[in-house]
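The listed protein sequences correspond, in order, to chains F and V. Each residue of the first sequence is one higher than the one before, starting from 69 at the first, in our numbering. Each residue of the second sequence is one higher than the one before, starting from 69 at the first, in our numbering.
If you are wondering where the hints come from, they were derived from the structure by calculation, not from laboratory data. Just to be clear, a hint being listed does not mean it is correct.
What the simulated footprint calls covered on chain V by chain F, stretch by stretch (three residues with Cβ under 8 Å from a Cβ of chain F suffice, anywhere in the stretch; the number is not a length) [unchecked claim]:
#1 95-106
#2 178-191
#3 231-238
#4 307-316
Every value quoted in this text rests on a predicted model; they were computed, and no experiment measured them. Every residue gets a Cβ at the ideal spot worked out from N, C-alpha and C, and that includes glycine.
The residues making up each chain are set out below.
There are 2 protein chains.
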Amino acid sequence: MAARRVLKAVLVDLSGTLHIEDLAVPGAQEALKRLRNAPLAIRFVTNTTKECKRSLLERLRKLDFEISEEEIFTSLTAARNLVEQQKVRPMLLIDDSALHDFEGIATQDPNAVVIGLAPEHFNYETLNKAFRLLLDGAPLIAIHKARYYKKKDGLYLGPGPFVTGLEYATDTKATVVGKPSSTFFLEALRSTGCSTDQAIMIGDDCRDDVGGAQNSGMLGILVRTGKYRAGDEEKIDPAPYLICDSFPQAVDHILEQLL
Amino acid sequence: MAARRVLKAVLVDLSGTLHIEDLAVPGAQEALKRLRNAPLAIRFVTNTTKECKRSLLERLRKLDFEISEEEIFTSLTAARNLVEQQKVRPMLLIDDSALHDFEGIATQDPNAVVIGLAPEHFNYETLNKAFRLLLDGAPLIAIHKARYYKKKDGLYLGPGPFVTGLEYATDTKATVVGKPSSTFFLEALRSTGCSTDQAIMIGDDCRDDVGGAQNSGMLGILVRTGKYRAGDEEKIDPAPYLICDSFPQAVDHILEQLL
Numbered sequence: 069m070a071a072r073r074v075l076k077a078v079l080v081d082l083s084g085t086l087h088i089e090d091l092a093v094p095g096a097q098e099a100l101k102r103l104r105n106a107p108l109a110i111r112f113v114t115n116t117t118k119e120c121k122r123s124l125l126e127r128l129r130k131l132d133f134e135i136s137e138e139e140i141f142t143s144l145t146a147a148r149n150l151v152e153q154q155k156v157r158p159m160l161l162i163d164d165s166a167l168h169d170f171e172g173i174a175t176q177d178p179n180a181v182v183i184g185l186a187p188e189h190f191n192y193e194t195l196n197k198a199f200r201l202l203l204d205g206a207p208l209i210a211i212h213k214a215r216y217y218k219k220k221d222g223l224y225l226g227p228g229p230f231v232t233g234l235e236y237a238t239d240t241k242a243t244v245v246g247k248p249s250s251t252f253f254l255e256a257l258r259s260t261g262c263s264t265d266q267a268i269m270i271g272d273d274c275r276d277d278v279g280g281a282q283n284s285g286m287l288g289i290l291v292r293t294g295k296y297r298a299g300d301e302e303k304i305d306p307a308p309y310l311i312c313d314s315f316p317q318a319v320d321h322i323l324e325q326l327l
Numbered sequence: 069m070a071a072r073r074v075l076k077a078v079l080v081d082l083s084g085t086l087h088i089e090d091l092a093v094p095g096a097q098e099a100l101k102r103l104r105n106a107p108l109a110i111r112f113v114t115n116t117t118k119e120c121k122r123s124l125l126e127r128l129r130k131l132d133f134e135i136s137e138e139e140i141f142t143s144l145t146a147a148r149n150l151v152e153q154q155k156v157r158p159m160l161l162i163d164d165s166a167l168h169d170f171e172g173i174a175t176q177d178p179n180a181v182v183i184g185l186a187p188e189h190f191n192y193e194t195l196n197k198a199f200r201l202l203l204d205g206a207p208l209i210a211i212h213k214a215r216y217y218k219k220k221d222g223l224y225l226g227p228g229p230f231v232t233g234l235e236y237a238t239d240t241k242a243t244v245v246g247k248p249s250s251t252f253f254l255e256a257l258r259s260t261g262c263s264t265d266q267a268i269m270i271g272d273d274c275r276d277d278v279g280g281a282q283n284s285g286m287l288g289i290l291v292r293t294g295k296y297r298a299g300d301e302e303k304i305d306p307a308p309y310l311i312c313d314s315f316p317q318a319v320d321h322i323l324e325q326l327l
């Protein structure tokens, strides 16, 4: 247990860690308040491809979480950052509800493709347009590559199959900006001024949250809420730094052991 | 050169070998007549996913090729054969113009997915239906996996990217029935009663025609027409049995050297 670091930042996953759909994880709001009393930068990080920051924020506030927009870092933000760094004009294959996060980005005469979960754009004509841009050398930026996701009435294709199809057609590889990519964690920390060895991540997805964070040099705490299933901790090597029942216990550990 | 075999069957590719769009390869009709005078079974084999046999036949007859429907073996026929062998009810993700070749096949309450080039079916809703069938254990049968194809106004996505996407989503592999799969060549020969070591393939696609045929035990002749580009012959190992300028020269070689 490499616990004796100087901890300066905490990254917290949203869905499955702070809340499950429209229910807060019991005690999570109060635990977040306690965490705020410590000298720690906090960022909320999520792999959304459909929800802009504003709508995430709305849901969290309804559940009485005290969070500001600047503290949220999503895979959409990561994609926007990359677009700005590379100075490209993206064709945006993302859901209309996510367009807010790309306001001000030039998209006419595109020379890049950004792809998230966008059922209404996943048709032959639009994918063919993207394909031709890629053939002309445009970079392919994927929000993430999830195979599928679950809704109440069953499983639905994620963005991954469409990313993979375009990769196959053009013999190229997408840059994946969401968790578990190291770039994602580095970018999420950037505005805190902290380095990865001063940071810890709390999340319910063993591979994407904990494994990704640990691979980028952070500590990772796995919580047994949300999508956690018994045995998930065996999916990564090295194992999670710590496993907790839920977010409040993770906060307790940080306050008692890591400061 | 393993030329001293008893040759009994010739497989001939269509597009790029006998004709290029609406033009016959010079001398090809006459060469086919000469080939018919020899004691050889002839089959015409093609990787079409859009055209049923009937429409292929119509085009060839307009160009004065003497060909009967029974002599044509396409990747659609191969898919139909597999569906019949496996006794499954396919969801047909194929172009409407190809449906003729599946007449009489039960498709209600599907428990398999057959996928060709079907732009009108390549949308999120339909692909999601296919995805759920695959999750339930339905086999995925791909007509072929071409990355893209060329039309006068540019390149278009082939079926390959959509096959690959469904494979990725479900962590399974499609059975690819078209060239260059060995099953394709064996099935094409079945009605001739000949074995692969009694057969030769003539085509313009080095990998799919010549490589595929040779991998299944046949000889292969590469013609320098259609999609052939200088250096194509280096793409396969072992090299093509023979390279000819065009179909008539391939026929000359067969008649003079292999009978």
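Quiz item: Which numbered hints does this structure break?
Solution: As far as the earlier hints go, 1 and 4 are violated by this structure, in ascending order.
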